[in-house]
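Trainee: Residues in the sequence shown are numbered from 0 upward in steps of one, following numbering that gives the first Met the number 0.
Everything labelled a hint here was simulated from the structure, so no lab data went into it.
It is possible that part of the hints are untrue.
Derived pair list, reagent style BS3-like, types lysine-lysine, alpha-carbon separation capped at 30 Å [to be verified]:
| no. | residue 1 | residue 2 |
| --- | --- | --- |
| 1 | K316 | K329 |
| 2 | K181 | K107 |
| 3 | K181 | K239 |
| 4 | K181 | K149 |
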Amino acid sequence: MRKTYNAKNPDGELTIINDTLTQIKQSGISITPILVANFLVAVKSKPLILLTGAMESAKEILVKCFSTILTLGNYYQYQTMMGHPWWASNTPKVVTYTRAQARLNTLKIESIIEEASLPKNRDRYFIAEMINISPGELEGYFSETAFQLKHKELMRLPTSHFSEPIPFPSNLTIIGTIDTIKFNWLDRDLLSQATIINCSQLKPISGLGFGNLSSNHYNDKVLLQSSIRDPQQAFWKLSKILIGFPSGLLPFLQVKQVLQEIRSVRFGNSFFEGIVYLANSWSYTGEGLYDQDLRVNLHIALDLAISQSLLLPHLEKIIKSINLQKKLHKILDSEFPLATTYLNQLNQI
0 MRKTYNAKNP DGELTIINDT LTQIKQSGIS ITPILVANFL VAVKSKPLIL
50 LTGAMESAKE ILVKCFSTIL TLGNYYQYQT MMGHPWWASN TPKVVTYTRA
100 QARLNTLKIE SIIEEASLPK NRDRYFIAEM INISPGELEG YFSETAFQLK
150 HKELMRLPTS HFSEPIPFPS NLTIIGTIDT IKFNWLDRDL LSQATIINCS
200 QLKPISGLGF GNLSSNHYND KVLLQSSIRD PQQAFWKLSK ILIGFPSGLL
250 PFLQVKQVLQ EIRSVRFGNS FFEGIVYLAN SWSYTGEGLY DQDLRVNLHI
300 ALDLAISQSL LLPHLEKIIK SINLQKKLHK ILDSEFPLAT TYLNQLNQI
């Protein structure tokens, strides 16, 4: 059940979720509140997001509605760009057009980084979206960027090298959409800084156009104030929220323990990334972003954190071990539908 809040003092993050949900439905798209909330939590948790799904899935509508609600349609805060010039694939100048598109995209990203870094804009949120990227953009703008963001700064972008490191602003998210339902392109660097969200369930249900923008003003401070990316802060927040529910994280820890049985699995930061995601599943004021009930909100957040932070980075190892799959099913079956779906679809992935 979606949270019903006091209209005189609404929770800002729940307002963003509910208004984004309304905006998407007005656009003629079928969507669940969980997918919108997952997108918001992803924005809070990591600097990069990749939305996957078949070509007909409405990935771009989700980004457009969320970003427009968040920024009130300020175009300098929300920049979109074509990821790859697919239209040029049958032309004799495909290489020339691809390089030109890359130069344009890099220029736009450099500009939005500069804008987001200005002192006057520190309380504003910025989003750069690359639509329908190819493997080339995935590598150059996401995997290589993710590797650099381990140090929270950039030295290069495709077609551009900087003379000195540029700090990556915490009030900027770079989003890419990919027309695929497979995950054989993942790498450890990418997953350390990017949340992968499957948008296959986003489907048009009518021919409606983009809905009217809400007239309410949302302060970008809502998202910036609530965002946690430090594991210690995440543990502290969870300890306060789950003070009366000490066994709440047990399924997450059980899955981690099972995966650690594989000697070749190196967890790196995936465990801490999951903890950060869980902490961001509650608003700054302590409201559950998936459900008003603490246990239900935790259960949904655990399902998503297990899938996105623990299972996804280790899919290749899980596929090769039937015994491991059985142990994971024993923990997840009947309790965590999304994580169970991941396991059931391993052969397709």
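Trainee: Now tell me, hint by hint, if it's right for this structure.
Mentor: Hints and how they fare:
1. K316 with K329: 18 Å, holds
2. K181 with K107: Holds, because 29 Å separates the two Cα atoms, which is no more than 30 Å.
3. K181 with K239: Given pair K181, K239 is violated - Cα atoms ~38 Å apart, limit 30 Å.
4. K181 with K149: With Cα atoms ~26 Å apart, K181 and K149 stay inside 30 Å; holds.
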